[in-house]
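S.K.: Okay, here's what each chain looks like letter by letter:
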Amino acid sequence: MKQLKRLKNMLLREEEQKETDEQVQQPESEIETKSKQTETPKSEIKTSDTEPNQEQNDSKVSEAEQELEPASPNLIDEEPKEAEEKVSEDPKKVEGKPKTTRSDSMTLLEGRDAETITRAEIDVNFKQAVMDAGAETLSLCFQCGTCTGACPSGRRTPYRVRTVVRRSLMGFKDDLISDDSLWMCSTCYECQERCPRGIKIVDIVKIARNYAAQAGYMAKAHKMTGSYVIKTGHGVPINAATKALRKRVGLSELPPTTHEFPEALEEVRTILKTTKFDRLIGYNWETGEIE
Amino acid sequence: MAFAYFLGCIMNNRYPGIEKATRIMMENLDIELKDMEGASCCPAPGVFGSFDLTTWAAVAARNISIAEDMGADVMTECNGCFGTLFETNHMLREDEDQKEKINKVLAEAGREFKGEVNVRHLAEILYNDVGIAKLSEKVTNPLNLNVAVHYGCHFLKPSAEINIDNALKPTILDELVEATGAKSIPYKDKLMCCGAGGGLRSRDLDVTLDYTKEKLDNMTDAGVDAIVNVCPFCHLQFDVGQTEVNKKYGTNYSIPVFHLAQLYGLSMGLKPEDLTVDAHQVCVDSALEKCSLEDIENLDKITGGE
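Residue numbers (my numbering), protein chains in the order written: chain X, 755 to 1045; chain Y, 257 to 562.
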């Protein structure tokens, strides 16, 4: 009977624990509150849990308990013992676990100094610049990796879309824009469709590529595509075989586009000059070549 | 009903049979297509958007302004063109600052973006404005084909803005394909990209072909007679890319490829030559022979009630 009462009390306490936790966490961000709500009961039940954040959780739990006690006088009778037991029990278990701290003698760490990221590599304005360029949602990322999981390119290339977002957030601009894999995204939007935070990931990729293009990381093949639009108004201009095919099926030999209207092509060229696209791809107007 | 017909690049400059089929089909459906004289490349969303978003939006806005002058909504049948024109139209309508910025560029060329027209995709017009019932009536030669439907990426996504169908579980194209009497066969990773977009095809062909091979493997496992797409760039990737995959991997794929407009052309009795399917890299004869089977009993078994 006494045991039953104890069990009941434990359950009751757990219920209220959750509520109090919610209140305690409220000042924190929405995301963290959510994760705490689900993790707190788990850490109470599974004391042998080996999660690395165990210690942190436990300290939060005892904080919550302290706040809870005066608010629930009907539970005070048996509570203090329980709480003491728990508090004293948990650190022991944590201590008993094999430590995973790295020692200096680990060979894997040798020579890593050169790769250490320093503040000097961080462009503090990059995150805001990406956001201002149309990806305001960038700051919402909590690095869950759903994007990379959905990415058909990541299945076959070194491209990791999560790290594109991460590096944009952290301001690792140079590292990001000099990375060839940035160009291995086919802009299929699978990441964006699944993002639990509704982040416009493809816009982030494109903005990062814009910076890469400005910094000179633009493939010759891409510059060539750009030059076709300067020359003809089309990324894929017509050829002799298609002209013949068009004629055969009764279409005009040239489509009614910039191909047929030279003055329209001039409009397009004016736009490309105004935005300095010609300079971006190094187009030589006299030779029609890429420099 | 009338639309400003945006051609783009690959359809009119590589696969004119798609354009021809569309013009005939729309006439058949009493929908007027007005030529957008002097339109250019959309420009491609993955490629130009990646180089310089301002240039991309400005050239796109110029194209849209041509339709505005004509007072008609834009119709395109290329996912890439649809993506570019839809997204630019959406962005400039929502964001006054961007609109002002782009209009400053357009003013140099004597153009202005007003935000007066909508950008539509052929498949969505067929589904929403014409309707499956009316389309089915127009089918004179029901097609006895098992089809791998390829949605492509920029037709439905980003779905938050485009909002045509559920981007992860769509049915719009399957329904349109089945209205011709063909059967849409489910296959693994059906919604996966063909691999051509985002500038991948021109920059990293090996990566592109790896995507395409995976698609072709999955389609082959499902036992299809043809691939149907709604994007000339995907179309090119499955047609030309299929021969490139064969060359690179020593495979022997030969799945005929049709744009939705060509499929409708066949079902409405157009001659294959008018659809320029004879100019495709991958021979379409196996599919054409199968479409012309007059085994009505078999046809009913395959298409009945599905």
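Think of the hints as simulated: they come from the structure by calculation, not from any bench. Wrong hints could be hidden among the right ones.
With a straight-line Cα cutoff of 27 Å, these simulated DSS-like cross-link-like pairs (lysine-lysine) come out [claimed, not checked]: (1) Lys-394/Y / Lys-881/X; (2) Lys-1027/X / Lys-370/Y; (3) Lys-527/Y / Lys-1030/X; (4) Lys-977/X / Lys-290/Y; (5) Lys-290/Y / Lys-446/Y; (6) Lys-394/Y / Lys-974/X; (7) Lys-439/Y / Lys-527/Y; (8) Lys-370/Y / Lys-997/X; (9) Lys-1001/X / Lys-527/Y; (10) Lys-390/Y / Lys-425/Y.
S.K.: Compare the structure with each hint and give your call.
M.R.: Hints, one by one, checked against the model:
no. : hint                   : in the structure
1   : Lys-394/Y / Lys-881/X  : violated, 54 Å
2   : Lys-1027/X / Lys-370/Y : holds, 22 Å
3   : Lys-527/Y / Lys-1030/X : violated, 47 Å
4   : Lys-977/X / Lys-290/Y  : violated, 33 Å
5   : Lys-290/Y / Lys-446/Y  : violated, 34 Å
6   : Lys-394/Y / Lys-974/X  : violated, 48 Å
7   : Lys-439/Y / Lys-527/Y  : holds, 21 Å
8   : Lys-370/Y / Lys-997/X  : violated, 35 Å
9   : Lys-1001/X / Lys-527/Y : holds, 16 Å
10  : Lys-390/Y / Lys-425/Y  : holds, 25 Å
This entry does not satisfy hints 1, 3, 4, 5, 6, 8, going by the numbered hints stated previously.
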